[in-house]
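**Q** Residue strings, one per chain:
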Amino acid sequence: MPLTLYDKIWNDHLVHQQEDGTSLLFVDRHLIHEVTSPQAFEGLRSSNRKVRQPNLTLAVADHNVPTTDRTKGISDEESKLQVDTLEKNCKEFGIKLFGMDDKRQGIVHIIGPEQGFTQPGTIIVCGDSHTATHGAFGSLAFGIGTSEVEHVLATQTLVQKKSKNFRINVNGKLPLGVTSKDVILQIIGKIGTAGGTGYVIEYAGDLISSLTVENRMTICNMTIEGGARAGLIQPDEKVFEYLKNKPMSPKNENWDKALEYWETLKSDHGSKFDKEINLEGNDIKPMVTWGTSPQDVITIDGKVPNPKNEKDPDKKNSIERSLKYMGLNPDINAKDIKIDKVFIGSCTNGRIEDLREAAEILKDKKIANHVDAMVVPGSGLVKQQAEQEGLDKIFINSGFEWREPGCSMCLAMNADKLKPGERCASTSNRNFEGRQGRGGRTHLVSPGMAAAAAISGNLDDVRKYQI
Amino acid sequence: MQKFNKVKSIPAYLPIVNIDTDMLIPKQFLKTIKRTGLGKNLFHEMRYDEKGIEIDQFILNKAPYNKSKILIAGKNFGCGSSREHAPWALLDFGITCVISSSYADIFYNNCFKNGILPIVIDEEQIKQISEYSLRKEEIEVDLVNEKIKFGNNEIGFEIDPFKKKCLLEGLDDIALSLEKTDKILSFEKKLKDSKPWIFND
Ligand code: SF4
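Chains as they are written, first to last, in the numbering used here: chain F, 41 to 507; chain H, 95 to 295.
Hints are not guaranteed to be accurate.
Within a straight-line C-alpha distance of at most 25 Å, the following computed SDA-like cross-link-like pairs (lysine to any residue) qualify [claimed, not checked]:
1) Lys145/H / Pro460/F
2) Lys459/F / Thr126/H
3) Lys289/H / Lys128/F
4) Lys289/H / Lys356/F
5) Lys48/F / Lys284/H
6) Lys356/F / Thr126/H
7) Lys306/F / Phe293/H
8) Lys128/F / Thr126/H
9) Lys356/F / Ile110/H
10) Lys284/H / Gly61/F
11) Lys284/H / Lys459/F
What follows is a list of derived Cβ distance ranges for each label pair [what the hints assert, rightly or not]:
12) Asp150/H / Gly134/F: 45 to 53 Å
13) Glu59/F / Lys241/H: 44 to 52 Å
14) Arg361/F / Asp150/H: 42 to 50 Å
From chain F, some residues computed to sit far from chain H (all C-beta separations above 12 Å) [as the list claims (entries may be wrong)]:
15) His56
16) Gly430
17) Ser438
FYI, nobody ran anything at the bench for these hints, they're computed from the structure.
By construction, the Cβ of each residue, glycine as well, lies at the ideal position given by its N, Cα and C atoms.
With the sequences and hints as input, model every part of the structure.
**A** The following block contains the structure:
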């Protein structure tokens with residue numbers, strides 16, 4: 041029987057299956073961070089259990105770390121306790137950790153690929169919903185809760201039931217100024233935040249294969265915003281090239297063996313998908329979100345919706361609620377929305393290519409006077425690379441702040457947050473109420489669009505600065 | 095894990111769709127290294143004003159709903175992050191059963207690890223039982239028979255048999271999986287041969 045990529049990875053990891061389909065899957069790679077792991081380690085300790093495969097586990101502190109001068113440590117006591125607890129737990133259980141002062145420290149979903157820890161055909165889990173990012177390498181990667189983190193630590197397996205197969209084909213060519221961020225925002229707008237619930241999504245089509253590996257990560261990253269368990273893409277030459285010579289990538293004869301296996305990782309011709317949709321890349325435009333759910337998308341030349349035009353009472357209510365929270369009037373042009381802050385970073389768009397994309401727009405320009413803007417590189421290595429290329433200078437000269445790596449204002453657990461009522465153009469992935477700080481208002485955009493908004497002082501069309 | 099069998103309570107009805115985990119428990123409360131004590135922070139930004147004073151109109155601040163053990167809510171409940179702090183906060187508040195027409199995947203799974211029963215019924219049925227919340231009358235959820243009982247009516251719901259068993263017996267699923275250690279061992283052995291690069295040695 042022809043199998044999908046998801047079917048193949050699933051079958052390859054089956055340790056045991058009960059009659060009702062409940063399965064025990066082997067986990068090849070486990071990433072942990074400071075926020076969702078302390079209770080899991082505590083659980084291990086209290087039941088006298090060990091970590092089964094410390095070598096298949098990698099830890100990093102990212103959510104809580106300060107992005108300003110780190111020589112003074114963390115001033116917030118609770119954050120410090122969490123970061124210290126991670127360090128203590130890693131030492132006690134023999135897990136490799138990239139501490140706050142390590143050059144390799146960064147957002148968990150950025151360091152995995154960077155180190156070659158992320159590999160095709162593996163099952164990767166992390167106590168974090170954006171684990172789907174790693175699907176760009178053709179791995180089955182998904183977020184889990186803390187009890188499951190404990191389960192993986194203790195057994196190196198996870199209890200799961202199989203999801204259904206969903207394929208999204210994107211064909212054609214991306215027009216100028218349109219990026220993979222716009223593709224995924226468009227997809228979420230189309231399927232809705234629950235459109236992928238119960239599915240694993242495979243992204244396919246010639247547009248997807250034409251994307252760079254980092255751009256693919258942006259797409260897989262936001263799969264969770266479409267409600268799916270995981271999102272993945274068939275691995276190809278670009279992926280193999282990306283992984284070659286990374287510190288934790290297979291070496292020598294292992295590399296050849298791995299490559300041979302990786303090349304089999306594709307959905308068979310004629311394999312069955314429970315759901316399938318097609319998107320035409322040529323029609324995609326730069327997108328922004330106007331509301332408090334990632335499905336609230338419009339094109340940059342569009343208007344904010346009017347609840348009057350909505351017949352469904354639930355939808356009408358939710359538009360009204362979002363508009364009120366966002367402080368927006370119905371029917372105004374996206375380009376007339378004035379912003380206060382710009383945030384470039386996060387596991388969605390904090391990689392080197394994202395920074396290049398924004399810097400390209402900002403070169404020799406100044407950001408608007410009333411705008412505060414910051415760049416938070418996704419990892420220490422991204423930061424280093426950007427500095428070698430002189431991108432930091434471009435950002436600083438234009439008026440951006442250049443920060444230390446971490447999650448930062450993506451979720452505002454550290455000191456970086458919006459004040460009530462402040463409006464931000466952000467390259468992150470969630471525009472929920474209060475996500476970037478209580479009362480803060482988030483508009484999700486691509487890095488180029490964030491740069492354009494910073495220059496104009498309002499949401500704006502990046503294409504204006506590209507001609 | 096705490097067992098779940100039956101619960102009887104006046105339900106609290108929150109008619110909002112897409113209640114995300116940031117709403118359930120905002121990030122400033124994720125800095126804890128414990129599982130307990132989060133109940134007071136459940137729905138923090140809806141429950142308290144900027145000065146930290148309770149907002150009277152919010153349903154969970156009002157009697158009898160401040161003692162509700164059952165929460166009825168709009169579709170796609172628990173979307174967003176994987177934070178298990180969300181079910182921990184519900185549980186600590188006293189809610190052991192959530193009723194909605196759909197849930198986000200990770201949240202749904204997290205409930206079962208904490209003795210919370212997430213029930214799926216359709217929107218019409220939700221409207222029907224939400225009346226009981228408005229009228230401040232009790233409803234009963236019976237897991238063994240997979241039924242919600244209210245007045246002289248009842249609605250059936252379905253639950254995965256394995257998950258049901260774990261809830262009813264309060265089973266520790268790590269212990270269950272560890273019983274399969276020999277299977278894990280032989281899987282690892284095979285893996286070392288077929289994909290030696292996985293172990294990085
Ligand atoms: S950058 Fe944002 S979405 Fe990504 S892991 Fe950090 S907090 Fe989560």
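**Q** Next step is simple, just say for each hint if it's right about the structure.
**A** Against the structure, the hints:
Distance hint between lysine 145/H and proline 460/F is fulfilled; the C-alpha atoms sit about 13 Å from each other, no more than 25 Å. As the CA atoms of lysine 459/F and threonine 126/H are separated by approximately 23 Å, the hinted pair is consistent with the 25 Å bound. Straight-line distance between C-alpha atoms of lysine 289/H and lysine 128/F comes to about 32 Å, which puts the hinted pair past the 25 Å bound. Note on lysine 289/H and lysine 356/F: the hinted pairing is violated, with a Cα-Cα distance of about 53 Å set against a maximum of 25 Å.
For the given pair, lysine 48/F sits about 17 Å from lysine 284/H by alpha-carbon distance, which is consistent with the 25 Å threshold. Under the criterion of a C-alpha separation no larger than 25 Å, the hint pairing lysine 356/F with threonine 126/H is inconsistent with the structure, at around 37 Å. Of the pairs offered as hints, the one joining lysine 306/F and phenylalanine 293/H holds, with about 23 Å between alpha carbons and a cut-off of 25 Å not exceeded. Under the criterion of a C-alpha separation no larger than 25 Å, the hint pairing lysine 128/F with threonine 126/H is consistent with the structure, at around 15 Å.
Of the supplied pair hints, the one linking lysine 356/F and isoleucine 110/H holds, its CA atoms being roughly 12 Å apart against a limit of 25 Å. At most 25 Å may separate the alpha-carbon atoms for a hinted pair to count; lysine 284/H and glycine 61/F meet this at roughly 23 Å. For the suggested pair lysine 284/H and lysine 459/F, the alpha carbons sit about 54 Å apart, so the restraint of at most 25 Å is broken. One distance hint, 45 to 53 Å for the beta-carbon pair aspartate 150/H and glycine 134/F, holds here, with the actual separation near 52 Å.
A C-beta distance of roughly 25 Å is found between glutamate 59/F and lysine 241/H, which places it outside the suggested range of 44 to 52 Å. For the pair arginine 361/F and aspartate 150/H, the beta carbons lie near 19 Å from each other, so the given range of 42 to 50 Å is not met. Separation of histidine 56/F from chain H is inadequate, the least Cβ-Cβ distance of about 5 Å not exceeding the 12 Å criterion. For glycine 430/F, the condition that its CB be more than 12 Å from all CB atoms of chain H holds, with the nearest at approximately 34 Å.
Residue-level check passed: serine 438/F sits 30 Å from the nearest beta carbon of chain H, beyond 12 Å.
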